[in-house]
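J.: Residue numbers (the numbering used here), protein chains in the order written: chain H, 1 to 179; chain C, 1 to 226.
Since the hints were derived computationally from the structure, they do not count as laboratory data.
Wrong hints could be hidden among the right ones.
If you want a taste of the chain H side facing chain C, the calculated C-beta under 8 Å gives, among others [what the hints assert, rightly or not]:
| id | residue |
| --- | --- |
| 1 | Leu3 |
| 2 | Pro88 |
| 3 | Ala121 |
| 4 | Leu123 |
| 5 | Arg124 |
| 6 | Met126 |
| 7 | His146 |
| 8 | Asp152 |
| 9 | Leu155 |
Since the model is a prediction, treat every value here as computed from it, not as a measurement.
For each residue, glycine too, the CB sits at the ideal point set by N, CA and C.
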Amino acid sequence: MSLTELHLALLAGAPRHGYDIKQEHDAWFPDSRPLPFGQVYATLARLQRDGLAEVVETRVDGGPERTVYALTAEGEQRLRTWLAEPAPPTGTGAEEIVRKTIAALHTGIDVQGYVARQRTAHLRRMRELGQVPAGAGPAERLVREHLVAHLDADLRWLDLATDLLRTPSPRPTPERTSS
Amino acid sequence: MTSSALTLSGVSHSYGRTQALRDVSLSVAPGEVVAVTGPSGCGKSTLLLIAAGVLRAQSGRVTVAGTDLSGADDTARALVRRRSVGLVLQFGQLVPDLPVLDNVALPLLLEGHPPADARAAAAGWLDRVGLAVGPATLPAELSGGQTQLAAAARALVHGPALLLADEPTASLDTRSGRALLELMVSTTVAAGGSVLLVTHDNTVAARADREVRLRDGVIEHEVALS
């Protein structure tokens with residue numbers, strides 16, 4: 001499940017507390033279901049347990065106590081490993097591709113390399129799907145065409161990501177952690 | 001050692017101040033299908049025209065089917081193009097005053113084949129691409145998609161060693177486009193020929209053995225798909 005790695009990406013710019021991570025996630029993926037606070041805190045606890053994140057500060061500024069987390073070196077390595085691998089070119093359920101692309105764009109970790117690898121993975125899958133076995137009926141051909149159409153849509157979207165890279169808008173400042 | 005069907009070495013080309021290709025090197029092996037992709041204006045059509053010998057590269061070397069086009073005069077380049085290359089351009093580019101049948105027969109007629117034989121072969125290819133025309137039908141009577149079918153038939157009629165196609169299915173619906181692409185690729189490769197497809201259509205690129213992606217006139221990445 002890539003939510004773990006996505007949390008690592010959300011922590012990559014600067015140390016953040018749970019509330020900030022939730023806000024940042026919902027800003028990155030405005031069309032997704034908002035991240036529940038419970039899930040954020042559970043994930044952060046797991047990251048800490050696994051040595052991928054660490055507590056760097058506990059703030060009590062008159063309000064509720066806020067624990068600020070930062071990536072460990074191991075956490076950053078795990079994030080880089082995640083972004084080094086293209087998402088499975090499944091044709092449907094493209095959520096993972098969106099997550100990886102957006103995380104790569106926000107963190108700036110080898111974005112061009114990621115997009116190129118994802119493109120290749122998709123084209124290879126499309127090529128396989130185009131090799132229709134002899135004797136395949138219209139139903140099997142249609143299923144294949146459905147997958148090809150979805151993969152093609154992903155690739156067009158990735159092209160937009162590439163264009164964005166060429167005319168970059170200012171990156172969101174990592175210093176958005178509120179005190 | 002088998003020589004390449006097409007080799008470009010350090011090819012550069014400009015239109016005025018606009019540099020279309022910068023130091024591009026590319027090789028296509030016999031029987032290989034290569035897709036050149038990239039955004040509009042990346043130089044991919046220029047690359048195809050240079051490979052076809054239609055444009056002369058301003059620097060670098062171009063070899064097609066064992067012949068170095070770089071130093072060749074216009075006549076020699078035209079000869080290579082006629083004998084070894086099948087060329088499908090985006091809008092068909094048929095000769096307007098010639099009937100479609102003669103357009104398709106042209107590569108054979110220019111090589112001195114008897115007209116009746118050349119026209120019979122042309123009619124056979126028109127049938128294979130699925131285009132029904134009369135002997136006097138002119139290009140102006142065809143739709144954009146039909147023009148592309150005729151252009152493909154003309155490119156295939158002489159069994160080229162190198163098929164070069166620029167957006168060959170752009171004017172066709174999905175099903176007809178797939179069928180034409182498959183016909184072009186499979187017949188050329190089955191005869192030991194090679195195919196270079198220039199396209200921004202991912203479904204066309206996915207038919208290739210290798211993708212060469214251009215951006216701003218340089219190769220951005222090159223990767224095997226098979």
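J.: A separate judgement is required for each hint: does it hold in the structure or not?
T.: Now the hints, each set against the structure:
1. Against a cut-off of 8 Å between C-beta atoms, the interface hint on Leu3(H) is violated, since the closest Cβ of chain C lies about 29 Å away.
2. The restraint placing Pro88(H) at the interface with chain C is violated, with a minimum CB-CB distance near 17 Å, outside the 8 Å limit.
3. This hint is violated: Ala121(H) has a C-beta 10 Å from the nearest C-beta of chain C, more than the 8 Å allowed.
4. This hint holds: Leu123(H) has a C-beta 5 Å from the nearest C-beta of chain C, less than the 8 Å allowed.
5. Hint status for Arg124(H): holds, given a least beta-carbon distance of 5 Å to chain C, under 8 Å.
6. Restraint check, Met126(H) versus chain C: the minimum CB separation of about 4 Å is within 8 Å; hint holds.
7. Below 8 Å, beta-carbon pairs count as interface contacts, and His146(H) has none with chain C, the closest being about 12 Å; its hint is therefore violated.
8. Using the Cβ-Cβ criterion of 8 Å, the hint placing Asp152(H) at the interface with chain C is satisfied: the shortest such distance is roughly 5 Å.
9. With its C-beta approaching chain C no nearer than about 5 Å, Leu155(H) sits inside the 8 Å limit, and its interface hint holds.
This entry does not satisfy hints 1, 2, 3 and 7, going by the numbered hints stated previously.
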